[in-house]
Structures are given as C-alpha cells and as structure tokens.
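2 protein chains.
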Amino acid sequence: MPDYKVYYFNVKALGEPLRFLLSYGNLPFDDIRITREEWPALKPTMPMGQMPVLEVDGKRVHQSLAMCRYVAKQIGLAGSDPVEELQIDAIVDTINDFRLKIAIVAYEPDDMVKEKKMITLTNEVIPFYLTKLNVIAKENNGHLVLGKPTWADVYFAGILDYLNYLTKTDLLTNFPQLQEVVTKVLENENVKAYIEKRPVTEV
Amino acid sequence: MPDYKVYYFNVKALGEPLRFLLSYGNLPFDDIRITREEWPALKPTMPMGQMPVLEVDGKRVHQSLAMCRYVAKQIGLAGSDPVEELQIDAIVDTINDFRLKIAIVAYEPDDMVKEKKMITLTNEVIPFYLTKLNVIAKENNGHLVLGKPTWADVYFAGILDYLNYLTKTDLLTNFPQLQEVVTKVLENENVKAYIEKRPVTEV
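In order, the protein sequence lines correspond to chains A and X. Positions -13 to 189 (the working numbering) are the ones given, in order, by the first sequence. Positions -13 to 189 (the working numbering) are the ones given, in order, by the second sequence.
Since the hints were derived computationally from the structure, they do not count as laboratory data. Please note: incorrect hints may appear among the correct ones.
Since the list can't tell identical chains apart, any single copy or any two copies may satisfy a pair.
Unchecked claim - Straight-line distance between alpha carbons at most 25 Å, and here's what the computed SDA-like set of lysine to any residue pairs gives:
1. Lys124 <-> Arg85
2. Lys118 <-> Leu86
3. Lys87 <-> Thr106
4. Lys178 <-> Gln163
5. Lys29 <-> Thr106
6. Lys29 <-> Val111
7. Lys134 <-> Val42
Note that the structure is a prediction, hence the values are computed from the model and not measured.
In isolation and in its complexed conformation, chain A is listed as follows:
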C-alpha cells in the first residue's frame, strides 16, 4: 500500500473530502496540519504554492478534486466504466460549481457588494442547487448518482461543513434526501472513527 500524507491547514474546508475518502476506504494517512507560522517556509515546496496536497510515496500533488478522484479509484468508489466515471465527475463538478458560487460571495471583501450578492445567493442560487440535488438524491436512492455509493457522496458529505460555515446556515434543513446522502457517509465506521479523532476546528 502506498504511503499517504495529507498536508493542509488545521481546517476542514477543501481538505476534508480527501480525509473522508482516505478514511472511508481505510487507507492509513498522515494527517499533517500546518500552522500559519509554518506555512511561508513550506509554501515553495508545494505544487503551485497551494494546499491541500496529497503526497503518495513521496510525490506531492495538489488540486482537491483530482486527489479525491485518485483516492476514489483506489477504494472502488470511482465507477466501473468510463460512462459511470463521467456521470460521477459531472455531479462532483456540479457540487464544486455550487461551492464556488458560495465562496465568491462569502469572500467578497466589499461589504456593500457582498450584501447585494448575498441576496441572489440566498434567494436563487442556493435553492436552485439544493432543490435539484435533492431530487437527484431521491431518484438515486439516497445517493448522488448511479443509485449506489460513489465518491460524489463522500465528497458532498466532506465539503458540507465548509459550505454551512460559509453560508452561516444549516443548508440541508429542508432537504431530507440530501441529508440522507450525508448520513449514510457519516455512518461508515471508518469515517466515524476519523471524525472522533480529528481535531475540533471551527471551519
């Protein structure tokens, strides 16, 4: 088995789906959490100067979706043929679009601009995505695609806390089928064990 290391700040955010996937598949990994003080010295050693980073047998790669897809292949959650892989990738990219639309507003530095954009986000964007995804979850028997567990479910469960943090809401309150997707992931014994031992962080 390869030696896996995850480098990220001590936050869930973009690193948590990767940590969830490694845990889900029971692949041991070093969960390395970098402090803000350590980061400047480490930054030049990371691809594109970014984290999260996955190190596989000493080789460092970045890009959270690419890393998650790779781990998903190792643990049998990436689909069984190119058409299944395509369908999983499409739903994951849809969740990522949703994240980006939220992040653009949450990280808007100008308060007046932010307030204006927040109205569209809250009244249009968020209900649009969650309603669509909830229907998809219902049609797929409590999963996000293919009617079976895939890394799309684990990715969604892993990124949800961050989306709730960015929107200062509990996004799934009125979306029980989506909540079911998350619950199924969180019921995985290995994910449960990871969550019990992970550091408590706000983000």
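Once you have looked at the hints, place chain X on chain A.
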C-alpha cells in the same frame, strides 16, 4: 462507435476544448449550435439547464471538464494508470483555476470594482500562472504533463482563444514553451480540419 452530439451556443468558450478533443481523436460528432432564440425552449431539457452538453447515444451529460475527460479516455489521451490520470487532472484543474480567476474579473458587472480587480489580475495572477505553466511546458518537452500528449494539452489549446478574448490580450506572447504546446495541438490534422470548417465567431 457511439453517436456524439455537442450542444452549445455558437461560440468557442467552454465548448471548444470538447470539440477539439472529439476532432483530435477523429470521433465524428454533430456540432449543434443553439441560437439565443432557441435556448429558452431547450434549456429545461438540459442537465442543470446548462450547456455545453455532450450527448452520447441519446444520453445527455454536462460539465465541460467531465465531458473532456470522458472523450480523452476514448481517444487514448487520459493517461495509462491512476497516477498518470491524477497528474493530468491536476494540471487541467490548474488551467481551470486560471480560467475562473480571469472570468470572475471579466464578468464583474461593477466597473469600478472591475478596474481594481483587473490590476491584480494583470500584474499578479496572469504572470504567476503563465510563468509556472511555461516552466512546466519546458520541463515536459512542449507538453503540459508527463512529457507526452495528453488531454491537458488539447484542453489548453481549446480554451486559449476564450482566455485571450476575456483578457483582451495575447496571453502567450512572452511564453514560447506554452505557445509550443498549443502549436502542437493545432498541427494535428484532424484539429486543423475542424478549425477550417468551424463557423467564424468572435468568442
């Protein structure tokens, strides 16, 4: 061979990498270009109400990177094992990050905000990405990853016109190794044939 249809507006933009890949691999496809007048009636029939869409034997999927990755697998440009696939995905996602950073500024509706963001984009973001990518292209013998042709090269060549349009520049002027990546793709006979017959569009 599956029956492929590409649905998109009559623009290059996010559809062109997909059209390039299908062409590169000599996979025949219906290049369906929807007018603004036709779109409202068609929108509800498209996944998430978005285009570009790829129809494979009557089944419609969306998400431009997911579709490109799928086509790349059909034409042998997607890497030969999961580690190669990971490395390709990471560079493609980096190009996509670059596109998103440009698009956020280009589509900013507030002129004063746009002007401010344009300074950072022009002086920091664009040189950062292009310098990094140019070094990568040099190290990879005129390719973006693995020292051989992959769908990352074709994706980059396909999206470049759109990036130039959004930034109102010729991005690669001072980046000859990146220009070489693009040139190699454009020299592919099938891509050349597609470009000769495609409609002339500004975007």
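How the hints compare with the structure:
Taking the shortest Cα distances, Lys124 and Arg85 sit within 25 Å of each other inside one copy (21 Å), while across copies they are farther apart (34 Å). Proximity of Lys118 and Leu86 under a CA criterion of 25 Å is satisfied in both settings, with 17 Å inside one chain copy and 23 Å between copies. Taking the closest pair of Cα atoms, Lys87 and Thr106 come within 25 Å of each other both inside a single copy (10 Å) and across two copies (21 Å). Taking the shortest Cα distances, Lys178 and Gln163 sit within 25 Å of each other inside one copy (20 Å), while across copies they are farther apart (48 Å).
For the homomeric pair Lys29 and Thr106, the shortest alpha-carbon distance between copies (20 Å) is at most 25 Å, but the shortest distance inside one copy (36 Å) is not. For the identical chains of this complex, Lys29 and Val111 are inter-copy neighbours only, at 17 Å across copies versus 34 Å inside a copy, given an alpha-carbon limit of 25 Å. Taking the shortest Cα distances, Lys134 and Val42 sit within 25 Å of each other only across copies (22 Å), while inside one copy they are farther apart (28 Å).
Hint compliance for this structure: no hint is broken.
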